[in-house]
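Chains as they are written, first to last, in my numbering: chain A, 1 to 346; chain B, 1 to 601.
Read the hints as simulated data drawn from the structure, not as lab findings. A couple of the hints might just be wrong.
Unchecked claim - Estimated spans, in silico, between C-beta atoms of each pair:
no., chain 1, residue 1, chain 2, residue 2, range
1, A, Val-163, B, Gln-296, 44 to 54 Å
2, B, Asp-214, A, Ile-189, 25 to 35 Å
3, B, Gly-149, A, Leu-192, 52 to 62 Å
4, B, Ile-309, A, Trp-19, 54 to 64 Å
Stated by the list, open to error - Taking lysine-lysine pairs in the PhoX-like style, the calculated list, with each CA pair at most 25 Å apart, reads:
no., chain 1, residue 1, chain 2, residue 2
5, B, Lys-425, A, Lys-56
6, A, Lys-109, B, Lys-373
7, B, Lys-426, A, Lys-109
8, B, Lys-421, B, Lys-438
9, B, Lys-359, B, Lys-373
As the list claims (entries may be wrong) - Negatives, chain B to chain A, calculated, CB over 12 Å:
no., residue
10, Lys-48
11, Val-148
12, Gly-149
13, Ala-157
14, Thr-160
15, Tyr-165
16, Pro-170
17, Thr-243
18, Gly-295
19, Met-299
20, Gln-508
21, Pro-513
22, Asp-596
Just so it is clear, the structure is predicted and the values come from calculations on it, not from any experiment. Glycine included, each C-beta is placed from N, C-alpha and C at the ideal position.
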Amino acid sequence: MVLPAAVRAESPGLWTLAWRRFRRDRVGMISLVVVLLFVALTLASAVGLIASDWAKEVGVSYAPPSFVGPANVSVPDERSPARDTSTGAALDDTDIVDPLREELIEIRKALAGGSSVESRAATLPFGGDKWGRDVLLKVVKGTETSLLVGLAAALLATVLGTVFGAQAGYFGGRIDDFFNWLYSVFTSIPYLLLILAIAAVLNQKGTSTVVLILGLTGWTGIFRLVRGEYLKHRVREYVQAADAIGATDTRRMFIHILPNVSHVVLVQLSLHVVLFIKSEVILSFLGFGVGVDTVSWGSMLNEAQNELLIGNWWQLAAATLAMAVLVTAFSLFTDALRDALDPRLK
Amino acid sequence: MITKVVAWIARAVLVLLAVGLSIGCAVAAPKTLRITFQVAESGFDPVKVSDYYSGIVIEAIFDPLLTYDYLARPPKLVPNVTEALPTISSDGKTYTLKIRPGIYFADDPAFKGKQRELTAGDYAYSVRRFLDPKNRSPYAFLFEGKIVGLDELAARAKKTDRFDYDAQIPGLETPDRYTLRIRLNKTDFNFSHVLAFSLAGAVAREAVETYGEDTNSHPVGTGPYLLKNYTRSSKMILEANPTYRGKIWDFVPGDDASDRDIAARMQGKKLPQIQRVEISVMDETQSRWLAFQGGQTDMEYQLSEVAPIFLTSDGKLKPEFARRGIKLDRSVDPEITYTYFNMHEKLGDEPNPVAGFSKEKIALRRAIAMAYKVDDQIRIIRKGQAVRAQFPVPPGVAGHDPQYRSSIPYSPQLANALLDKFGYKKGPDGFRTLPDGKPLVIRYSSTPTERDRQFDELMKRSLDSIGIRLQVHKDRFPELIKLENQCRLMMRGAAWIADYPDGDNFMQLLYGPNSRQSNNACYQSPEFDRRYEKARLLPDGPERNKLYREMTRLMEVHTVWIMGDSRYRNVLLQPHVIGFKKHPVFHTEWLYMDLDAPAGK
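Bound-form chain A, shown alone (with noise of 0.2 Å):
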C-alpha cells in the first residue's frame, strides 16, 4: 500500500508541537524575549563586559537623576566643617615614643608631593547611593544576582523534588510514607518562617547561601506534582513493556518515565525561578540574603527605606523597575509555556 507523501512524512515530535503553539502565543513570545535580554545582561555583567566597575564611587553621595539636576545639598558635603582632618602634634607634650617613627618619615619622604584629588559628578545618568555608585550599574549587578539566585535554587529545588517524588510515586509503599512524612514537615511552618530559620540556622552570609535555603525549602511543590505524575505512569502499559525486557527500576524512572513527565517539571522550575527571586529579595530586605561585596535587588530595597523618607526616591525606582518588568515577563513566560506544554489545560 502507497501512502500519500504528507502522511509518510515523520509526525512532529512533542517539542515541536509545543513550539508551534508557543509561536502562536504573542504575549508569551514577547515575554520570551525580556527574559533573554535579562539573561543576556547577566551574563553580559558576570563575564564582566558590562558593570564590572559597579563598586567605584564616581557621584557625588545621592547625586541625583541628570533628569532631574544636581540637588541642593541636603547632606553636608565634603567642605562641611564636620570635615575635620586636622592631625598632628598639637599640644603633643607626651614623651611617647611611636615604634614606626622611622618608617613613617621614610616613607612621607619618598610619598612627598603626590597628592590625587579625585573629582566626582554632581549628577548620575539614574542617580547615586549614599557613597556616590551609579544606581544603574548596582541595578545590572543586582539583576545578575538575583536571576542567578532564582535560576540556581530553582534549579536546585526541582531536582531535589523531581528525584524525591520520582522515588516516591514509582516505589511507593514505606518509601513513599517517608517522603510524604518529610514534605508534610517542610510544609507544616509556614514558608517566610522556614527560610528565615534555616537562615539564622545557617548564619553565613553569601549568594551560596541563600541558594541553598531557597532550593532546601522550595522543592515541596515540585515533589507533589512529580509524585502524582509517577504514581500514575509506573502502571502504564510502556512501562510494564520496560519492565518485560529487563529494564532497571532506575531506567524505567529517569529513561522511560521522565521525559514523559518532563513538561509538568518544566513548567515548575520556571515558576519557581520568579518565587526564588522574590525570596531572594525578601531575604536580603530582611538583612539574611547577600553579602556586603554583593548587590541584589533585596539588598537596595533595604538601603532605599530610609533614603525614601529624605526624598531620595532613585533607588528604590530603579529596583523596584528592573524586578517588576523581569517577575511580570518571566511570569507570563511561564503562563505561555504551560499552555504550550500541555494543551489539554487550555
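Since the structure of chain A is already known, use the hints to place chain B on it.
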C-alpha cells in the same frame, strides 16, 4: 417648629455632655509619656545588664545614693537618698554616708504586705552583688579591686561556689541602720560618681531572693517609678511609684534663656509629674519617625538617618516643624564610638592576625586605621549629625582635651606604602598576604541590621583601598557581646556613653585587668596600665590630663582603636512636653519633666 427646637436642645445637651465627659476623662487620665527604644532592653537587674536601654528603666526604678543637679553644667553631684554629700576622709579612702530615714521600697509581694524601709544595709548588699560570681556582672569593674575585703570575698565564693553576703568586711560597714561607711584600697576622690551611677541603686535582698533567677523582670526599688507591665522586647509600662518619697523641683537655672524658661514652668512642682511612661521597642528609624510625626510618641531622638527632613544644614529645626510647636533639644552626647582591634593572641583556637606588639603587626593595624574614612562615617552614615572624636574622653566629661588631635591621619596612600614596607605583598588577586605568605583575612563583626550594613560597606571600601580582604561576621547583638567578653571577635565597632562624667569611665576601657569586661579590645599594655593606675589616684586636673594624653598617644602608637565620633542627640519634643533638657549623665529625665496637657488623645 417645636420638634425642631426640641431636637436642637437635645443636640446641644448631647454636645455639652460629650464635652463635659471628655473634660472629666482628661482630668482623670494620668499624664502619660510615650516613647520608643531603638534596641530591645535586656532586663532590669542592675548587676546583670550593661546596655543603655535597660539602664533607662533601671534608673527610673532604683535610687543610687547620690544623684546630679538637673540643670547645672558641668554636672554637679547632689544627695539623693542621703542627708548630704559623703564625708570623705583626707586620704580619699573612707566615704561615710548618712541615709535619710523614712524612705520606703515600692510595695511588692516579696515584702509580704509590710512596708519595707531603705537602710544602709541595702546598699552594702547591692554593692556585694556586683562581685558575686553567679551574677557575672558586666559592670563588676565599678567595684572590683576597690573596696577593702570585697575581692577576697569574691575569691572565696569562686572556691566554695557560694557568695557569703553576711560576712563582715572592713570595706562595707554599717555602724547603724542609716550609716554606710565604705573603705577603699586606694585613694580615689572620684568614687562619689560611682555612687551616683544608676546601676549602683539599692535593691532589696528579699526581692532578689524571692525572684531568684528572674530578677531581670521583677525590679523592686525605691525610685520614682515602678514596672507595671512588661512584654519582653516589645512593651514596657511604668507608673509613678505611690510610695515614692516625693521631690520638689528646685534647681537654679544658668544664663541660658531656655533654662530660665524651664525653671519658670517647673519651679516648686511636686515630682514626678508624669504619672505613666509607655515604652515601645521600634527597630526601624522610619517607623519611629512616622510615629513621632503622627503624634503617637511624645519625644524621639534616634533619628539621625532621617535628620535632613527636620534639620537645616546648620543644625536648627526647620521652620515648618517649629511652626507646629515642635521643640528641638540638641547636644553632643558624652560618648565615643570606636572600632577596636582585638589584641588577644588567639581567637578561640585560631591565631589572631591583628594582635601583637611587633612592628609589622602595629603597621597592619595602623594601615587599617589610616584607610578608614571617619569623615564618611560622619558625613554619610550619620548624615552629619556627629562630631569627630579625637580623644577617648568626649566633650562634657572631666578630662576631655579639646585641643588634642589624633596622630593617625586618613591616608590610604601612606597605608599602602607602610604595608609594602613590612612585606604584606599583594597576590595575583590584588589582595595582600601576611609577610610569611599566609592568607590575610580581616574579620569584622556586626549585627544583621541595615544600620550596620552601612558600616560593613564603609569598612569594605576602606580595606579595598589598601588591598586587604574583609570577611563580615554577622550575629545578633547579645551573641556578639558574649563572644566579645571572651576576647573572640577580631574587630567590632563599639560605642561607650558616660556612666558618670569623669574621664576615668572612658580610660578604664583600655585598662588591662578590665579585659573580658569593658576592655573589649583586650588591650594589655604595662605602660598604659601603669599610667592608668597613677591617674586613678589623682583628681581632675592638669597632672591627670597629661597622663590621659600620654595614655591616648600610647593607644594610638599601638593602634588599638580607630577613633570614631560623638553623636549629636537631636531630641524632638511634641509641643506639650515641658521641662526637658538633656542631662549629660542621666539616662532619662522623666522625673524632672512635665506634660502640658494629657497625652493619648
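Outcome of the hint check:
no.	hint	in the structure
1	A/Val-163 <-> B/Gln-296: 44 to 54 Å	53 Å, holds
2	B/Asp-214 <-> A/Ile-189: 25 to 35 Å	30 Å, holds
3	B/Gly-149 <-> A/Leu-192: 52 to 62 Å	57 Å, holds
4	B/Ile-309 <-> A/Trp-19: 54 to 64 Å	55 Å, holds
5	B/Lys-425 <-> A/Lys-56	23 Å, holds
6	A/Lys-109 <-> B/Lys-373	23 Å, holds
7	B/Lys-426 <-> A/Lys-109	23 Å, holds
8	B/Lys-421 <-> B/Lys-438	17 Å, holds
9	B/Lys-359 <-> B/Lys-373	23 Å, holds
10	Lys-48	25 Å, holds
11	Val-148	34 Å, holds
12	Gly-149	37 Å, holds
13	Ala-157	36 Å, holds
14	Thr-160	39 Å, holds
15	Tyr-165	40 Å, holds
16	Pro-170	39 Å, holds
17	Thr-243	44 Å, holds
18	Gly-295	17 Å, holds
19	Met-299	19 Å, holds
20	Gln-508	19 Å, holds
21	Pro-513	21 Å, holds
22	Asp-596	29 Å, holds
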